[in-house]
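Engineer: Make the full structure from the sequences, and use the hints.
What follows is the residue order along each chain.
2 protein chains.
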Amino acid sequence: MRSQPRMRPPDGAEPGSVLDHVDTPALLVDLDVLDANIATMASFAAETGVSLRPHAKAHKCAEVARKQIAAGAVGICCQKLSEAEALVAAGLDDVLVTNELVGPAKIRRLVELARHATVAACVDDPRNVAELAAAAHGGDVVLALLVEVDIGDGRCGAPPGEAVVALADTIESSPGLRFAGLHAYRGGIQHVRSAAERRDAAHAADERARIAREALAARGIRCDRVTGGGTGTFPFDAELGVHDEIQPGSYVFMDADYARNEPASTAPAFAQSLFVWSTVMSAPSSDRVVLDAGTKSLPPDSGPPTIPGWPNLEYRSAGDEHGVVVVPPGSAAPSLGEKLALVPGHCDPTVNLYDWLVCVRDRVVVDVWPVVGRGASY
Amino acid sequence: MRSQPRMRPPDGAEPGSVLDHVDTPALLVDLDVLDANIATMASFAAETGVSLRPHAKAHKCAEVARKQIAAGAVGICCQKLSEAEALVAAGLDDVLVTNELVGPAKIRRLVELARHATVAACVDDPRNVAELAAAAHGGDVVLALLVEVDIGDGRCGAPPGEAVVALADTIESSPGLRFAGLHAYRGGIQHVRSAAERRDAAHAADERARIAREALAARGIRCDRVTGGGTGTFPFDAELGVHDEIQPGSYVFMDADYARNEPASTAPAFAQSLFVWSTVMSAPSSDRVVLDAGTKSLPPDSGPPTIPGWPNLEYRSAGDEHGVVVVPPGSAAPSLGEKLALVPGHCDPTVNLYDWLVCVRDRVVVDVWPVVGRGASY
Numbered sequence: 103m104r105s106q107p108r109m110r111p112p113d114g115a116e117p118g119s120v121l122d123h124v125d126t127p128a129l130l131v132d133l134d135v136l137d138a139n140i141a142t143m144a145s146f147a148a149e150t151g152v153s154l155r156p157h158a159k160a161h162k163c164a165e166v167a168r169k170q171i172a173a174g175a176v177g178i179c180c181q182k183l184s185e186a187e188a189l190v191a192a193g194l195d196d197v198l199v200t201n202e203l204v205g206p207a208k209i210r211r212l213v214e215l216a217r218h219a220t221v222a223a224c225v226d227d228p229r230n231v232a233e234l235a236a237a238a239h240g241g242d243v244v245l246a247l248l249v250e251v252d253i254g255d256g257r258c259g260a261p262p263g264e265a266v267v268a269l270a271d272t273i274e275s276s277p278g279l280r281f282a283g284l285h286a287y288r289g290g291i292q293h294v295r296s297a298a299e300r301r302d303a304a305h306a307a308d309e310r311a312r313i314a315r316e317a318l319a320a321r322g323i324r325c326d327r328v329t330g331g332g333t334g335t336f337p338f339d340a341e342l343g344v345h346d347e348i349q350p351g352s353y354v355f356m357d358a359d360y361a362r363n364e365p366a367s368t369a370p371a372f373a374q375s376l377f378v379w380s381t382v383m384s385a386p387s388s389d390r391v392v393l394d395a396g397t398k399s400l401p402p403d404s405g406p407p408t409i410p411g412w413p414n415l416e417y418r419s420a421g422d423e424h425g426v427v428v429v430p431p432g433s434a435a436p437s438l439g440e441k442l443a444l445v446p447g448h449c450d451p452t453v454n455l456y457d458w459l460v461c462v463r464d465r466v467v468v469d470v471w472p473v474v475g476r477g478a479s480y
Numbered sequence: 103m104r105s106q107p108r109m110r111p112p113d114g115a116e117p118g119s120v121l122d123h124v125d126t127p128a129l130l131v132d133l134d135v136l137d138a139n140i141a142t143m144a145s146f147a148a149e150t151g152v153s154l155r156p157h158a159k160a161h162k163c164a165e166v167a168r169k170q171i172a173a174g175a176v177g178i179c180c181q182k183l184s185e186a187e188a189l190v191a192a193g194l195d196d197v198l199v200t201n202e203l204v205g206p207a208k209i210r211r212l213v214e215l216a217r218h219a220t221v222a223a224c225v226d227d228p229r230n231v232a233e234l235a236a237a238a239h240g241g242d243v244v245l246a247l248l249v250e251v252d253i254g255d256g257r258c259g260a261p262p263g264e265a266v267v268a269l270a271d272t273i274e275s276s277p278g279l280r281f282a283g284l285h286a287y288r289g290g291i292q293h294v295r296s297a298a299e300r301r302d303a304a305h306a307a308d309e310r311a312r313i314a315r316e317a318l319a320a321r322g323i324r325c326d327r328v329t330g331g332g333t334g335t336f337p338f339d340a341e342l343g344v345h346d347e348i349q350p351g352s353y354v355f356m357d358a359d360y361a362r363n364e365p366a367s368t369a370p371a372f373a374q375s376l377f378v379w380s381t382v383m384s385a386p387s388s389d390r391v392v393l394d395a396g397t398k399s400l401p402p403d404s405g406p407p408t409i410p411g412w413p414n415l416e417y418r419s420a421g422d423e424h425g426v427v428v429v430p431p432g433s434a435a436p437s438l439g440e441k442l443a444l445v446p447g448h449c450d451p452t453v454n455l456y457d458w459l460v461c462v463r464d465r466v467v468v469d470v471w472p473v474v475g476r477g478a479s480y
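Residue numbers (my numbering), protein chains in the order written: chain U, 103 to 480; chain P, 103 to 480.
Be a bit skeptical, because a hint or two may be false.
To be verified - Cβ-to-Cβ under 7 Å is the rule here; a few derived chain P residues that face chain U:
(1) P107
(2) D226
(3) T381
(4) S399
(5) V428
(6) V429
(7) P430
(8) N454
(9) S479
Claimed, not checked - With a straight-line cut-off of 20 Å between C-alpha atoms, the simulated EDC-like cross-links for lysine to aspartate or glutamate are:
(10) K441(U) to D389(U)
(11) K441(U) to D113(P)
(12) K441(P) to D113(P)
(13) K441(P) to D389(U)
Calculated directly from the structure, the hints in this document are not laboratory data.
C-beta: ideal position from N, C-alpha, C; glycine also.
Structural biologist: This is the structure in structure tokens:
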């Protein structure tokens with residue numbers, strides 16, 4: 103009972119099938135574009151001299167992570183311990199959990215995972231550090247911990263200055279713990295539309311990380327790395343010299359929300375590789391057709407999907423399992439049974455709804471990859 | 103490779119464990135409340151004389167469906183064919199798919215499913231009916247089809263009147279097909295806040311179903327049932343006498359969005375049975391704490407979760423895996439490591455994120471049920 107199989111892949115998702123035979127909804131990835139995006143970010147990091155540790159919260163998929171490592175990434179990030187467990191079980195061996203892990207169950211699991219891979223996690227509270235120290239000591243492992251810096255977004259993190267220094271000092275003086283740097287990531291600014299405003303916001307956050315790093319240096323505490331930065335801000339984070347390591351995730355896939363950002367002039371370009379494959383299941387009227395993909399296939403948190411190839415058409419959410427496509431007067435409309443590839447509003451929660459990534463090149467299925475971190479929220 | 107296990111249940115989710123030992127995020131159901139909700143709706147249906155066919159899109163769980171059947175439900179609804187397949191595989195034997203099934207792959211699967219259970223599906227297009235007729239004839243089964251009526255929400259359905267009659271007539275005259283009634287459901291009005299306005303909207307939709315039914319009668323086509331109605335409108339749908347069968351789903355769990363509805367005076371009361379169990383993973387400041395449940399654990403489409411027992415505190419989404427709890431000046435706050443039970447904004451997409459329902463009575467785990475329809479979008 104406690105081990106249940108996942109959903110099987112959609113019908114027709116077999117290597118060699120033409121895309122039109124893949125049933126819907128299905129999550130598609132164009133491997134040519136994915137490979138190009140991975141190479142582009144790897145080149146940026148190499149040219150800029152920052153380490154690249156892509157965030158696997160976007161893809162939750164071991165095959166994508168392995169491509170990133172093969173292209174030069176130093177390791178991966180995960181947001182949750184269960185994501186890290188799933189990816190280590192699938193063969194990845196260097197994972198930073200960019201989050202606090204609180205409570206005896208998670209600390210026990212972190213100690214266990216540290217026996218099998220190079221892992222690190224974040225802290226922002228001395229009580230948590232004390233529990234981690236006790237568990238590491240009892241478990242006979244060394245846990246690498248980064249201090250998360252409050253970079254001004256009202257979420258987690260210790261204020262730069264004395265609080266960060268005290269945490270790092272406690273870590274360094276605890277047998278079983280190792281201070282592995284500062285975590286400084288600000289999610290809320292990744293989608294500031296104006297490149298100039300996004301740059302200013304990134305630099306303001308980075309300034310707090312710089313203060314924290316200098317406070318450590320003033321107390322003689324060595325800081326191996328400052329890590330952070332997402333697909334919206336990595337060129338700005340890299341240019342200041344505060345970050346040694348960047349953590350972009352969405353660049354492998356991109357989404358409709360990122361497409362609305364004004365790109366930074368210093369950023370390389372990424373193309374859309376992720377699509378939700380959907381069928382017209384009703385064509386009741388000349389002003390609309392209805393797709394079989396609603397909010398359970400296309401999370402609406404960052405706006406509706408776009409429909410490449412149909413610039414006049416607009417997707418309007420119509421419930422958990424329906425999407426209405428509004429057809430303006432005089433515009434052509436897809437017909438009953440026709441399949442459309444939609445660009446999701448937000449790639450991360452979209453991927454989290456699917457058990458399989460259907461990999462396509464030139465509209466032919468070439469592979470089907472399990473999303474091993476799907477639902478890995480704990 | 104093509105059969106992958108689901109995520110395991112959260113640590114501590116073992117029968118006999120106290121709730122505080124269950125790790126987070128986890129999806130909890132209070133079985134005493136669930137049982138009471140199921141009994142309450144069954145009594146309403148029995149007293150009103152309508153058939154009850156609860157919608158399994160809300161729970162996607164065979165154990166919940168079996169409780170509903172045991173209490174008198176005539177069968178269940180599913181929104182997707184893969185949901186129906188998962189629930190039939192788990193032992194349910196009477197399923198209405200409240201949606202159009204378009205394309206050869208789905209039609210093949212519907213024919214196959216009809217060999218193993220009493221199934222029905224909806225149609226709104228003569229081309230789809232022709233394909234279903236050909237498949238049923240070739241597959242040597244009789245497919246029960248309901249005509250979906252366009253009840254004015256701009257989604258699927260044939261207009262009441264001649265279009266509905268023509269579809270029913272085609273079904274009746276096709277060997278291998280059986281006309282099984284009218285489907286008339288309007289999702290968008292379930293959350294109209296004012297009971298009077300919700301009643302008016304339900305009656306307006308029901309009036310279109312009544313016109314369709316009378317058009318069929320005028321042509322001598324027998325209509326076994328009109329089915330529809332959700333947790334927000336079922337008392338209004340039942341009172342008009344148009345619906346023979348109601349399809350409420352959310353009543354088993356309820357959610358923060360339904361709690362904002364003004365209840366109908368004729369409706370029985372349902373209580374909250376579904377919760378997302380979450381841990382305070384950061385307590386960085388007196389004005390906030392941070393929970394380990396973000397939009398990947400609590401979909402934000404119908405507003406934020408509420409926090410029972412902490413009336414002064416407000417949940418604010420802070421990304422895919424973080425939830426900030428805003429603590430007003432002078433208010434008590436939960437402490438680092440403390441666990442909170444949140445009421446999700448919208449039960450249906452919340453359930454769809456979890457592989458397991460952790461069943462609790464009096465804060466002790468009594469069972470763990472697989473959400474067999476999780477991710478069943480195709």
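Engineer: Hints first: check each against the structure and report whether it holds.
Structural biologist: Against the structure, the hints:
For P107(P), the shortest C-beta to C-beta distance to chain U is roughly 5 Å, which falls under 7 Å, so the interface hint holds. The beta carbon of D226(P) comes within 6 Å of a beta carbon in chain U, closer than 7 Å, and the hint placing it at the interface holds. Because the smallest distance between the Cβ of T381(P) and any Cβ of chain U comes to about 6 Å, under 7 Å, the interface hint for this residue holds. Contact between S399(P) and chain U, as hinted, is supported at the beta carbon level, the nearest pair being about 5 Å apart and thus within 7 Å.
Because the beta carbon of V428(P) sits about 9 Å from the nearest beta carbon in chain U, more than 7 Å, this interface hint is broken. Contact between V429(P) and chain U, as hinted, is not supported at the beta carbon level, the nearest pair being about 12 Å apart and thus beyond 7 Å. Interface hint at P430(P): violated, since its Cβ lies 14 Å from the closest Cβ of chain U, which is beyond the 7 Å cut-off. Checking N454(P) against chain U by beta carbon gives a least distance of about 5 Å; that is within 7 Å, so the hint holds.
With a least beta-carbon distance of about 5 Å to chain U, the hint placing S479(P) at the interface is held under the 7 Å criterion. For the hint linking K441(U) to D389(U), the alpha-carbon distance of about 18 Å falls within 20 Å, and the restraint holds. Annotation: proposed proximity of K441(U) to D113(P) is violated, straight-line Cα distance about 41 Å (limit 20 Å). Distance hint between K441(P) and D113(P) is fulfilled; the C-alpha atoms sit about 14 Å from each other, no more than 20 Å.
Restraint check: the Cα-Cα separation between K441(P) and D389(U) comes to about 49 Å, which exceeds 20 Å; the hinted pair is violated.
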